[in-house]
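Assemble chain V onto chain L, guided by the hints.
Here's the letter readout for the chains.
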Amino acid sequence: MVALQFGAIGVECCNRPMTNTDSFDLVVVDDDEEVRTALRRLLRAMGHKVRVFASAEEYEATPVAADCLIVDLRLPGLNGFELMERLRLRGFSTPIVFITGDGGPSPNGTTVHAGTQSLTKPFDESDLTAAIARALSDSHESAP
Amino acid sequence: MTTTTRRIPATTNRQLAVRLAVSRALGRTRDLDGVYGAALATLAECLNVSRASVLLFDPDRVMRFKAYRGLSSEYRAAVEGHSPWTPDSVDAEPILVPDVSRDPSLQEYLPAFVREQIVALAFIPLVSLGRVIGKFMLYYDAPHVFEAEEVQLASVIATAVAFAIERATADELARGSDAAGIEHSVAGISRDVSGLFQEEAVHAGQRQVLEMIATGAPLDEVLTLLVHVVEDQCDGSVCSVVLLDTDGVHVRVGAAPSLPDEYSERIDGKPLGPRVGSSGTMMQVGQPVIDTDIVCHCDSPWDVLRDVAVASGLHACWSTPILSPHKKVLGSFAMYCPTPRGPSREELRLLETAADLAGAAIDHHRSQEALRRSEERNRAILRAIPDWMFVMSGDGVYLDYHVKNPEALLAPPEAFLGKSMREVLPSWLAGAYERAFERALATNEPELLEYNLEEHHEQRFYEARIVRADADRFLCIVRDITDRKRAELDAAAQREELAHLNRVLILAEQSGALAHELSQPLAAILTNAQAARRLLDQSPLDLDELRAALDDVIKNDKRAGTVIHRLRELLKKRDTVLQPVDLNEIAREVLDLTHSDLLLRRMRITTALSPELPAVLGDRIQLQQVILNLILNACDAMSTVTPADRELTLTTVVDDELVEIAVADRGIGIPEDQLDSVFDPFFTDRVQGLGLGLTISRSIVLAHRGRIQAENNVGPGATFRFFLPVSRLPHPPTAFPP
Numbered sequence: 128m129v130a131l132q133f134g135a136i137g138v139e140c141c142n143r144p145m146t147n148t149d150s151f152d153l154v155v156v157d158d159d160e161e162v163r164t165a166l167r168r169l170l171r172a173m174g175h176k177v178r179v180f181a182s183a184e185e186y187e188a189t190p191v192a193a194d195c196l197i198v199d200l201r202l203p204g205l206n207g208f209e210l211m212e213r214l215r216l217r218g219f220s221t222p223i224v225f226i227t228g229d230g231g232p233s234p235n236g237t238t239v240h241a242g243t244q245s246l247t248k249p250f251d252e253s254d255l256t257a258a259i260a261r262a263l264s265d266s267h268e269s270a271p
Numbered sequence: 005m006t007t008t009t010r011r012i013p014a015t016t017n018r019q020l021a022v023r024l025a026v027s028r029a030l031g032r033t034r035d036l037d038g039v040y041g042a043a044l045a046t047l048a049e050c051l052n053v054s055r056a057s058v059l060l061f062d063p064d065r066v067m068r069f070k071a072y073r074g075l076s077s078e079y080r081a082a083v084e085g086h087s088p089w090t091p092d093s094v095d096a097e098p099i100l101v102p103d104v105s106r107d108p109s110l111q112e113y114l115p116a117f118v119r120e121q122i123v124a125l126a127f128i129p130l131v132s133l134g135r136v137i138g139k140f141m142l143y144y145d146a147p148h149v150f151e152a153e154e155v156q157l158a159s160v161i162a163t164a165v166a167f168a169i170e171r172a173t174a175d176e177l178a179r180g181s182d183a184a185g186i187e188h189s190v191a192g193i194s195r196d197v198s199g200l201f202q203e204e205a206v207h208a209g210q211r212q213v214l215e216m217i218a219t220g221a222p223l224d225e226v227l228t229l230l231v232h233v234v235e236d237q238c239d240g241s242v243c244s245v246v247l248l249d250t251d252g253v254h255v256r257v258g259a260a261p262s263l264p265d266e267y268s269e270r271i272d273g274k275p276l277g278p279r280v281g282s283s284g285t286m287m288q289v290g291q292p293v294i295d296t297d298i299v300c301h302c303d304s305p306w307d308v309l310r311d312v313a314v315a316s317g318l319h320a321c322w323s324t325p326i327l328s329p330h331k332k333v334l335g336s337f338a339m340y341c342p343t344p345r346g347p348s349r350e351e352l353r354l355l356e357t358a359a360d361l362a363g364a365a366i367d368h369h370r371s372q373e374a375l376r377r378s379e380e381r382n383r384a385i386l387r388a389i390p391d392w393m394f395v396m397s398g399d400g401v402y403l404d405y406h407v408k409n410p411e412a413l414l415a416p417p418e419a420f421l422g423k424s425m426r427e428v429l430p431s432w433l434a435g436a437y438e439r440a441f442e443r444a445l446a447t448n449e450p451e452l453l454e455y456n457l458e459e460h461h462e463q464r465f466y467e468a469r470i471v472r473a474d475a476d477r478f479l480c481i482v483r484d485i486t487d488r489k490r491a492e493l494d495a496a497a498q499r500e501e502l503a504h505l506n507r508v509l510i511l512a513e514q515s516g517a518l519a520h521e522l523s524q525p526l527a528a529i530l531t532n533a534q535a536a537r538r539l540l541d542q543s544p545l546d547l548d549e550l551r552a553a554l555d556d557v558i559k560n561d562k563r564a565g566t567v568i569h570r571l572r573e574l575l576k577k578r579d580t581v582l583q584p585v586d587l588n589e590i591a592r593e594v595l596d597l598t599h600s601d602l603l604l605r606r607m608r609i610t611t612a613l614s615p616e617l618p619a620v621l622g623d624r625i626q627l628q629q630v631i632l633n634l635i636l637n638a639c640d641a642m643s644t645v646t647p648a649d650r651e652l653t654l655t656t657v658v659d660d661e662l663v664e665i666a667v668a669d670r671g672i673g674i675p676e677d678q679l680d681s682v683f684d685p686f687f688t689d690r691v692q693g694l695g696l697g698l699t700i701s702r703s704i705v706l707a708h709r710g711r712i713q714a715e716n717n718v719g720p721g722a723t724f725r726f727f728l729p730v731s732r733l734p735h736p737p738t739a740f741p742p
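Here the protein sequences come in this chain order: L and V.
When we follow the numbering used here, the leftmost residue of the first sequence carries the number 128, and every step to the right adds one.
When we follow the numbering used here, the leftmost residue of the second sequence carries the number 5, and every step to the right adds one.
Bound conformation, chain L alone (with noise of 0.2 Å):
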């Protein structure tokens, strides 16, 4: 595990590729209540320990220590990109998988950075999985 400083509080990221049995700490951030709680069934069905933020400004207040971060984009107050924008100008890299509702255009026209993946609303479990473990691999191989 590798320590990263995440502004001025301490965050634990976990880097690494996954497997199958893996188990990690995951978060979702998505200010739709059913979303959130169904995501946090699956996740911990799975066998990864979850925790849920309703909004970007409420998991910057209380940032923990995740392995991968899944971000709704539509989000009220900032946003999901400018989530993560904020966590990169702090240096922080935990990989983030964004998921969408309308797999629209991404907003602001940013496009999709490295270290990052993006599902369309309704996906399955096995896209999920999947695109956690991308996102995983993605921010292993750009690691320093």
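It is worth saying that the hints were derived from the structure and are not from the lab.
Positions of the beta carbon are idealized from the N, C-alpha and C atoms, including for glycine.
Where hints are given, some of them may not hold.
Unchecked claim - Residues of chain V placed beyond 12 Å of chain L at every Cβ, according to the derived structure: (1) Leu51; (2) Phe61; (3) Asp103; (4) Arg119; (5) Ser348; (6) Trp432; (7) Ser523; (8) Ile529; (9) Ala535; (10) Asn560; (11) His599; (12) Arg711.
Claimed, not checked - Now the stretches of chain L that chain V is said to cover, found in silico as 3 or more residues with beta-carbon under 8 Å: (13) 155 to 163; (14) 247 to 256.
Unchecked claim - Think about it this way: if two alpha-carbon atoms lie no more than 20 Å apart in a straight line, the pair counts; the simulated SDA-like pairs of lysine to any residue are: (15) L:Lys176 x V:Leu550; (16) L:Lys176 x V:Arg538; (17) V:Lys576 x V:Thr566; (18) V:Lys559 x V:Glu549; (19) L:Lys176 x V:Asp541; (20) L:Lys176 x V:Thr566; (21) L:Lys176 x V:Glu458; (22) V:Lys577 x V:Ala468; (23) V:Lys562 x V:Leu502; (24) V:Lys577 x V:Glu500; (25) V:Lys489 x V:Ala468; (26) V:Lys423 x V:Tyr405; (27) L:Lys176 x V:Asp546; (28) L:Lys176 x V:Tyr405; (29) V:Lys70 x V:Gln111; (30) V:Lys562 x L:Lys176; (31) L:Lys176 x V:Ala552; (32) V:Lys562 x V:Leu574; (33) V:Lys408 x V:Ala519; (34) V:Lys559 x L:Glu161; (35) L:Lys176 x V:Glu549; (36) V:Lys408 x V:Leu502; (37) V:Lys489 x V:Phe465; (38) V:Lys331 x V:Arg353; (39) L:Lys176 x V:Gln542; (40) L:Lys176 x V:Phe465.
Just chain V now, with coordinates in the frame of chain L:
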């Protein structure tokens, strides 16, 4: 004997002519023979009868001929003494015999009738002071059907003749006494008798005038008769009635038959004042004016009329105000005397009586006139109204109708008059009318009923106003509103078409956001289902979590269903459905639908929804559409504003009879000179859409009897608000079958 009794119609011109003729003819003579002659002449002239007679009771109570025309002495001898009445008979009425041969009570005189060639006759009683003093007879040589008017005229003449006879008898008695040199005291008695008859004559004249008033004779004829009656009582005097116009300023001559035309010419139309003689002065002060010598009183108000009066040989003028029952001055009654003197007590009384009568006549005339005008106005209104009117009893029977174009009625009048609605109308409509009657009865307010009927394979629309007319009758005013209704329906169809187009465009524009709205529950469903499958593989089974996952599947499926349902509703082409709706609920639905779009646009939403918002009568989808348009409009207005300042406030307020919804933005605002044109078609700053959103919103709000307005905020941005009337429907509107 046969007596025809028929209702006497209102006074005709002929009757009036007869009244005046008989009054003049009898007024000119003071002796009995003159009276008889005048009576026979008047009868012949007015009733067009060649043979007539006057018979009176002699002191021995036997009826004898006093005057006659065209009767032989044999006949007179044969019938003299016959009378259907005694002097004490009360309420003697004319007896009419259209054919003597058919009248059993006259059989004993039949030979005399045959010899004299009398086939029909009439007995007209002469009544004075309540006694029958005699009769006159009318004879016809062919069967005669008596007209009601004819009989009435005969009675009028009889009344006039009766006092002319009494007055002449009294005069002769007085003259006889003077000639015989009877002592003063006796003369006094005879003068009393004469006075009595004079009074009786005045009373009779008064009755005649009152009768004329009652039968609605024209005012100038009534006043002319009144002047004659008074003039007849005062030798050499002439009278006039001057009327004060209802404007209270101008005067005109009501009757002055014995004064020269110049008199009228000088007075008519002049403003009230001293220049119109003593009458004018008197009307101003409302007091009698006695001018004993108008020639000598150089400072008297006679400057205008003096020479006319002098030329007519008149010296004194006594006038008294004519007052209405409410003591309003209506005019003056003036008596001009050829000698310079004041009036006697009797003359003053006569003057006052005449003024009273004139007052009654003028007042009656004016109220009749007002009534007539009002009726005329009502008739004119009725004529002008294209509506059908039906007077109906409380239990729904057609009593009367007024229809300008009866051919347009569904059924001819005879098919519904006297019949019940239940027999005439389809039962659903009769039922609707009955309920409207009940409501009108309960509230005492006009009730409105709209319905349509199929006629000749065509729908026609009607609007009925039901008003309670009196205790148990209703007035139904029915209007054919087919044209209006069709125009309304066309406009509504056009509006619905445009509104639909607007919705389709909004949804196309919003497709991303809508997909998001749908993908959220779908994602939750799939994820929960897959979580459940994994939970099933675990040991031990976490049944609570499994159940929670399945519950969430169900919940989110329903959520997706709701989104689809709302989308379908918005996309559907549909007719307007008016029902009581909660605008707060509609606002929340719209916010749900636009949730993700607003997120994407970085809008902060603030709501201030009044917790006690009464329902409005409206179409749910159309009102959603209005709010949707206003929200999208607000978002567009803020698209260039920094995200931190993008705040949209949705407010609902109830104010008395109106519910208000306001959508406020913090955008670029509206140029002041364009505040009125933002609702015009194709007025748009928007890149997307057709620029019809606000136009359609306005047409929807107007169709809901509401209004919509735009204003700039004190701070940045603009506020659009619309107002809808509070629904007062206690229950859903009554629907009628098409």
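Find the hints from earlier in the document that the structure breaks and name them by number, from lowest to highest.
-> Structure breaks hints 7, 8, 9, 10, 11, 20, 21, 22, 23, 28, 29, 30, 33, 36 and 40.
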